[in-house]
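J.: Given the structure of chain A, go ahead and fit chains B and C with the ligand onto it with the hints provided.
Chains as they are written, first to last, in the numbering used here: chain A, 1 to 404; chain B, 1001 to 1796; chain C, 2001 to 2161.
Simulated from the structure, these hints should not be mistaken for lab results. Hints are supplied without guarantee of correctness; some may be wrong.
Only pairs whose alpha carbons sit at most 30 angstroms apart, straight line, appear in this in silico DSSO-like list of lysine-lysine [what the hints assert, rightly or not]:
#1 B:1081 / A:256
#2 A:210 / A:256
#3 A:256 / B:1350
#4 B:1688 / B:1790
#5 B:1697 / B:1502
#6 B:1502 / B:1688
#7 A:53 / B:1353
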Amino acid sequence: MRDIFRTRRMWRRRGELKPRYDVVVIGGGSHGLATAYYLAKNHGITNVAVLEKSYIGSGAAGRNTTIIRANYRTPEGAEFYRSSVELYEHLSLDLDFNLLFSQQGHLTLAHSDRAMITMAERAEVNQLLGIDSRLVYNDETARLCPELNLSDDVTWPILGALYHPPGGIIRHDAVVWGLARGADRRGVEIHPYTEVTGIERSNGRVTGVKTTRGEIACDTVISATAGWSTLIGDMAGVPLPITTHILQAFVTEPLKPFLHVIIVSSQMHVYISQTDRGEFLIGAEIEPYTTYRGTSTFPFLEYSARHTLELFPQLESAKVLRQWTGLCDISPDYSPILGLTEVDGFLISCGWGTYGFKAAPIVGTTLAELVATGRTPQLIAPFTLERFYTDTLVSELAAAAVSH
Amino acid sequence: MTVDGVPNVRVCVEPVREGATVRAQNVLGSLDRDLLNVVDRIGGPFTPVGFYYRTMLRPRRLWPQYERVLRNLAGLGCLDKSGRRSGRYDVEHRRADVLVIGGGEAGVAAARAAAENSVGSVVLVDERAAPHIDGVETLAPARAIGFYEGGLVPVDAGNVLYRFRAGKVVVATGTVEQPLLFPGNDLVGVLLPQAVRRLVDDWALKPGDRGVIVSADGAGLDVVEQLRRAGVEIVEVVDLRESLPSTLAANGRRGRLESVTIEGRELACDLLVMSGGRQPAYSLLAQAGARVEYDARRGIFVPVDLPANVEAAGSVTETEPAAAPPPPSFDGGDAKGRCFVCICEDVTEKDVKRALAEGFDSLELAKRYTTVTMGPCQGRLCHLPSIRLYARETGSDEGAIGTTTARPPWAPVSLGLLAGRGLEPAKRTAIHHRHVELGATMMWTGAWRRPHSYGDAAGEARHVHEALGLIDVSTLGKLLVEGPDAAAFLELLYPNRFADMKVGRVRYGVLGSDAGRIMDDGTIGRIADDRFYVTTTSTGADTVIEWFDWWNAVWGMDVEVVNLTGALAAVNVAGPRSRELLGRLTDVDVSNEGIAYLDTKEAHVAGVPCLILRIGFVGELGYELHFASPYGEYLWDTLLERGKDLGIRPFGLEPQRILRLEKMHIIVGQDTDSESNVLEAGMPWIAKLDKDDFVGKWALEHVQARGFREQLVGFEMANGVVPAEGGQIVLDGRSAGRVTSARMSPHLGKAIGMAWVRPQLAVEDARIEIKVDGRLEAARVRLKPFFDPKGERLRA
Amino acid sequence: MTGLDFVSLDRAVAGDGFEPRLSSPLCRALEGSDRVLDLSFLGKIEVRGDVDAINGDLEVVRITPQRALVLCAPEEAAALRDRLPGMVIDMTAALAGLELHGVRTLRRLTDLDLDALPAVGRVADVPCLVLRNGDSFRLFFPQEYGHSVAEVVLDVLKGLE
Ligand SMILES: Cc1cc2nc3c(=O)[nH]c(=O)nc-3n(C[C@H](O)[C@H](O)[C@H](O)COP(=O)(O)OP(=O)(O)OC[C@H]3O[C@@H](n4cnc5c(N)ncnc54)[C@H](O)[C@@H]3O)c2cc1C
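Just chain A, with the same shape it has in the complex (with noise of 0.2 angstroms):
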């Protein structure tokens, strides 16, 4: 208790960026950080400098609608993103940072028979690994959600849901600047304002980056710059299948605690949550145009305000208070590509779409061991970028593409 009065700083004021490094990663996202985090941590490796054109958060780290799931559809998927909560579960403590992890339990609401078999399908799935996770229907939606309208007089109504009790939402810049503070106290560099404008190759091989304040050379370059990858993939030689699109969000002014569970409804393209601070957080799925573009729209906030009213009409004079966008880099499959390329020593995190947010905590500790043994960890192993050239997509469509 006494602690929370002394005034510590967080991170050491930037440096100069030093001639040569053994790791740089770029991006200063929750995937950058929480790489260089894990580096440093877990295996020791502790000459990393983190690479970020802005301040640190400022991408869809400190944009994203911050839903931690793992009852994706794919056996792979569910797996992945199942360590990757559990991770989150410990973080708080790990990180001596409280992150405000609220988990509330997560519905995806089933508006037609054939998302009820899509449900049903992912319950079982994540049921065989243990995830808590399962079908339910409306006796007990109305228990779980009871401000929920689960009347016919809707133009969607809700038939079922899937239910996830462990699914939660935590405050995204605390993720961010836990894993920062926890990364610069083990001696990692972390440069905000610092732009990639280039990676140097000679053989195949990474040596070395450029940057807007010099150049750096190191032997391994991890690339975590989510909706930018494939301007960083460029600089490489990598071209990446990957298209960047926006997603858009907005919060209501904060109310009284009404909603106390999170709630998916992909047939309406919104989901809905209400924060600790009391806000209503809402969200749709990607625009559909792709852009580096960050402009909010109008009639994303009309169509959200509608369907959010179709779900909870007690909200009609809840007001909107701030919208914004974030990009979002979306992969052909959904799922994300994760590790090494045909460039040596040039790793990526990618293809993150609406839902990486959830897997920083895996990404960082798979990518670490990459670097550190040179071996691609089992769990990771079906999201290299290899897949789209062997033709072994790991569809998740059906869980990822509103769900977040």
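T.: Positioned in the frame of chain A, the structure of chains B and C with the ligand alone reads:
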């Protein structure tokens, strides 16, 4: 720290508050406590910013309880848990040549000038009231809520949302009075001049008995007269432009102002009017694309480089320094009060300093850590003061720090208004009413509503095998592909072959993506040499039409694609007695020679011209009739009436699913997913890999070469239990496949289904185990249709 | 029968105890309302190809340089199909139609620029062709949305009462 000891804080306040009032309230410093305030009482006299990141960590199992407390402390208003939508909302799309936002002097002048120069339609909106101006349409109270893409300016007028697109937008939103930062600036009794004007002028209230004024501009001094008239005794007036006191603090008891200390002198008072100058309300301009720049001379941020078609008018553009930039904050000497930077979010000067000292040293980081500007006032009152503070504390200047992004909406807007009318367009078939009248339970398939069944799914399915059924299949996508290149076009689009097809024949086709994945399926009938009739799945129609149009444009072939989905209704008359019924209604020869299996023919049925397709999705002799949709009810009625003695019975989607499953006919999107291909889905005959080319051919060749990874097969349960669709095939405790369809077949008396399994399991009679309700149930793999494997009934 | 008779409304024949009659989701939804005029069974013939070659005293709405919709009385449809140039297809059954009055009403239904009609856009959230003649507007949209459009139109009219 105990949890139980926490008082049940805060009564609920009204969720809906008028914007104007909110601001006044916040300036008054409401007695409301929110999160940090209350936690202060738990944590002691002073709880620093970000404290919750550092506390309540241990023990981990107690966190959910801590969290509940935190949640209960947050939030401002309360929602009625059983509330329904009550309001009636409309949206109105408007165009105007000139839209003026703000009905103050400048706005009115701009509107008047535009009207006098007769530039066209001129509209003025104001949050409060607007005077009548000749030639100008005024909307008030109405608030512009943002400046969006394409110049869209939505205006909140209570229960109508106006969506304006204007030739020119004039922003005359004026300025926002800024508070001063000194200890005790949150006490009740500390007001901004604007609040004084409202209290005195609008509500005829006397804001206090003894008043002190501290002002960095004329605004504070302007209210002196007003206060005197209201009977307030003016104790002291401090004009910061003339003298800058070294200390300033407000003191109070129980949250109310009791005195002000200026340079050690304590002045008893219950009213303190403060004015820290005015900040142009530039948000709308910034959203429109203007740059925002710091004007060091005036100590404020100003909009510059306005985009074309956007103008600023009035005080939002003022260039003359009206105020002396006040110090970022006043030293309060030994005052006890807290110095607030952001009242909505309860952030004090100390919090900001602390955040900077902890390393949150860029504006964006500090904003997120302290939450300054993230409250309901949207930074109107705290944005500038907080930047002044950052500048002083980091030893840089405001210009270098810059501003944060002006995020829409500019004013909070209710979900009710945004949502408007809560209707989503839905499609109905021409026969919809009949289904409802017959008591069908309706279900969604895409944007369509369709009958699930008419009350007895199993009975309806059995009846099709035994006698005669009728189903509405109008939701099928229907396309006409016509032109000299029609056959060549379909040859390239589908893996199937069409060039050799005779006129009057029908073929089942599966459409693949360019990666060889199954997109859709349906029937393709050749109705003339250069004319094909193509059906698609109900939910896939729109995608398929786009797909056809796309490739048609790419290949530049001589083909026209026409969407007839809505133009035509369709029914399937199926069952052993269907031929007899059809014979009664048409003159054409309906014998097996006249219309053979997979034939198509045009004929009048009950007087209505129909395209007849003899196909067998449900596994029995049957005829699909496609005809102009306005005859839907008529033909439906006629079929039921003339088939009465044959025992005709309508059947819904659910019985149709049972029937098709007995035939192992797939449903795209249920039995297939985004990765499935025709080879592994068990339909190799579809893919004519010897064709020169077709969309996705390379991918199917690749699948052929790499070998199968999974295969779609049928299965029959050993014990008659029906597994869940989505159920898992388990091998050695791990998933080895998944059930995509499963039903009890009333006709066969067996539980049957389809599943994707590992190739080694895809052999006739292989034993598999399926998880059902936590138990493993045995099943046998089947590769041939469960019912009529040779298709004799179809060809009968 | 020739070719595409099954698409048209005017090829049905009564007799032999059969009396084909017309109905639609829109007619159903408008039952009992006299605020709007149902144009569902007005003839609508789509022409693809050289739309400049269309001649005669006809109401022709150009959709694209190669596409036009010719509006006609129901009984003229058959003759028109025979004589119009290019690829001709009868869209009478595909498109429902409404006629209603008042700029204000339209503003509450669509964001199309009412001074730049005819145009194709969204009305009551469904794709729609809008024609204008003074204060009167005609809407043509996929008939399967008939009931949805009617519901919104009637509600908008109520709101303006
Ligand atoms: C609105 C929204 C809602 C979302 N909701 C969820 C959710 O509920 N649950 C969930 O799990 N996921 C969600 N996501 C997705 C998730 O946020 C992302 O997948 C995830 O944050 C990506 O990883 P990251 O944090 O490392 O990326 P980012 O935070 O985007 O980090 C990438 C960083 O790279 C930096 N960078 C880029 N180029 C360069 C360069 N050349 N040099 C230096 N630095 C560079 C960027 O500035 C950025 O900070 C959401 C995303 C959005 C936009």
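J.: Looking back at the numbered hints, which does the structure fail to meet, lowest number first?
T.: The structure breaks only hint 2.
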